[in-house]
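**Q** So the protein sequences, as listed, match chains Z and Y.
For the first sequence, the working numbering assigns the number 3 to the initial residue and increments by one for each residue that follows.
For the second sequence, the working numbering assigns the number 123 to the initial residue and increments by one for each residue that follows.
Rather than coming from a laboratory, the hints here were simulated on the basis of the structure.
Mixed in with the good hints there might be a few duds.
Claimed, not checked - Every beta carbon over 10 Å from chain Y, so not counted as near; a handful from chain Z, in silico:
{"id": "1", "residue": "20"}
{"id": "2", "residue": "33"}
{"id": "3", "residue": "39"}
{"id": "4", "residue": "73"}
Said to hold, decoys possible - Keeping only pairs whose Cα atoms sit at most 30 Å apart, straight-line, the calculated DSBU-like set for lysine-lysine is:
{"id": "5", "chain 1": "Y", "residue 1": "276", "chain 2": "Z", "residue 2": "73"}
{"id": "6", "chain 1": "Z", "residue 1": "59", "chain 2": "Y", "residue 2": "365"}
{"id": "7", "chain 1": "Z", "residue 1": "59", "chain 2": "Y", "residue 2": "153"}
{"id": "8", "chain 1": "Z", "residue 1": "59", "chain 2": "Y", "residue 2": "137"}
{"id": "9", "chain 1": "Y", "residue 1": "164", "chain 2": "Z", "residue 2": "13"}
{"id": "10", "chain 1": "Y", "residue 1": "207", "chain 2": "Z", "residue 2": "59"}
{"id": "11", "chain 1": "Y", "residue 1": "248", "chain 2": "Z", "residue 2": "59"}
{"id": "12", "chain 1": "Z", "residue 1": "59", "chain 2": "Y", "residue 2": "140"}
{"id": "13", "chain 1": "Z", "residue 1": "59", "chain 2": "Y", "residue 2": "164"}
{"id": "14", "chain 1": "Z", "residue 1": "73", "chain 2": "Y", "residue 2": "164"}
{"id": "15", "chain 1": "Y", "residue 1": "160", "chain 2": "Z", "residue 2": "59"}
{"id": "16", "chain 1": "Y", "residue 1": "165", "chain 2": "Z", "residue 2": "73"}
{"id": "17", "chain 1": "Y", "residue 1": "276", "chain 2": "Z", "residue 2": "59"}
{"id": "18", "chain 1": "Y", "residue 1": "401", "chain 2": "Z", "residue 2": "59"}
{"id": "19", "chain 1": "Y", "residue 1": "355", "chain 2": "Z", "residue 2": "59"}
{"id": "20", "chain 1": "Z", "residue 1": "7", "chain 2": "Y", "residue 2": "164"}
{"id": "21", "chain 1": "Y", "residue 1": "156", "chain 2": "Z", "residue 2": "59"}
{"id": "22", "chain 1": "Z", "residue 1": "13", "chain 2": "Y", "residue 2": "401"}
{"id": "23", "chain 1": "Y", "residue 1": "247", "chain 2": "Z", "residue 2": "59"}
{"id": "24", "chain 1": "Y", "residue 1": "355", "chain 2": "Y", "residue 2": "370"}
Said to hold, decoys possible - A short, non-exhaustive set of chain Z residues, derived as facing chain Y with CB atoms under 8 Å:
{"id": "25", "residue": "36"}
{"id": "26", "residue": "58"}
{"id": "27", "residue": "59"}
{"id": "28", "residue": "60"}
{"id": "29", "residue": "83"}
{"id": "30", "residue": "111"}
Model, not experiment: these values are computed from the prediction.
Each residue gets a CB set at the ideal place from its N, CA and C atoms; glycine is no exception.
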Amino acid sequence: MRYCKEHTWAKVEEGLVRVGITDFAQGQLGDIIFIELPQVGEVFNQGEVFGQAESAKSVSSLYMPISGEIKYVNDNVEDSPDLVNTNPYDEGWIIIVKPRNFSEVSALLSEEGYTSLLEKS
Amino acid sequence: MSYVLFTATGCTRCKIVKNFMTDHGIAFEEKNMKAEGKDDFKKFYSANRCFITRGQDGVEFPVLTDGEEIRQGIGASIAYLSAGKRLDGFFCVGTLHKEWVDGIHPCSGNLEHADEFLQVMRYLKKSSMKLQVETSGRNSHVLKQILEEGLADKVVMNVVGPTALYSKILRKPVVESDILKSIPLVAQFPSYQFQTTVAPIIRQEGDVPEISYLTPAEIGEIAKLIEEGTGNKKNPYLIRLFKSSESKDERLKSIEPLSSLFPYRTAARAYQVLTELEKVI
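Hey, can you work out the whole structure from these sequences and the hints?
**A** As structure tokens, this is what we get:
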């Protein structure tokens, strides 16, 4: 699993990349009441906003850790957005991306790198 | 008619609205979105998201619904409970917190129901809230009543332009003398401020409308009106930046922003020496 500084994670699975938000991000948001998902087929560049996570107290944009096309969205988080709070790395995944360039994944932060980023901020 | 009131733990305004309903025998179900009402609130939010107002601190509570309409905040909720849609326009969701309630607009709403509007203000005042009224200056007689009863702790008058441009800017009929009557009233409140947003104005409608910003000279005219109306050159007067994204008119959303507000401050300070520019982050 790799991480980006905008608090999304990326995990390569059989040529595709699964994406969600980190435990830190879900904790900052509080109880998530809505996830705005992109459409399957949409294409985004790395760093672009692909969706939005909303709690009663705040709204957070969701940033693409890599460039690519949306192949799947997690409909379960539309019905149960709290999955992102309870299982941010597992059932609370948000999108699956067909990456444009795998080198973008390897350039993301490692777990140590992301932890270090959180400690500095 | 039965109501659902979504509340948040520790929300004083929610308590006041609950008390209003209990005092008036209005049946309702409370759902605390931080406790037993969490799931219901999630469903409600998901289904009605585009109608729900979020401020800087998130969703404005309480959220009141009768299944047809949604009202948020203490003022709009009590107004709807008192008088249904009759008071629409007088109250909107505010931005202030703790003991302050804003989003109170005596200049909007249907004047036929001004008495009911004042009743809601009286209730809010009795509930130990501090009230901030915002007005364009229309309906000066309602503002006078608010002053006489001591219902507002602060008034912000948004002087949208020289009085001759008021109807054009507000897109509704305006009696210029009504605006002029409000100016001296505003200055009698315990705390007050005049302000003007330097906004683009549609000066001439048509296939290619003539649109231009308020000019520094026009801001000077406004500042002079304030001096003449109050007999004072030292009123708090704030010049604000136009935010195109907040404009309700699509034609104004794509207007180029102004490069500087300093010429406006210079023009205004000839008549209102304490004129300041809005600080933009």
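**Q** Tell me, in ascending order, the numbers of any earlier hints that this structure violates.
**A** 2, 5, 19, 22, 24 and 30
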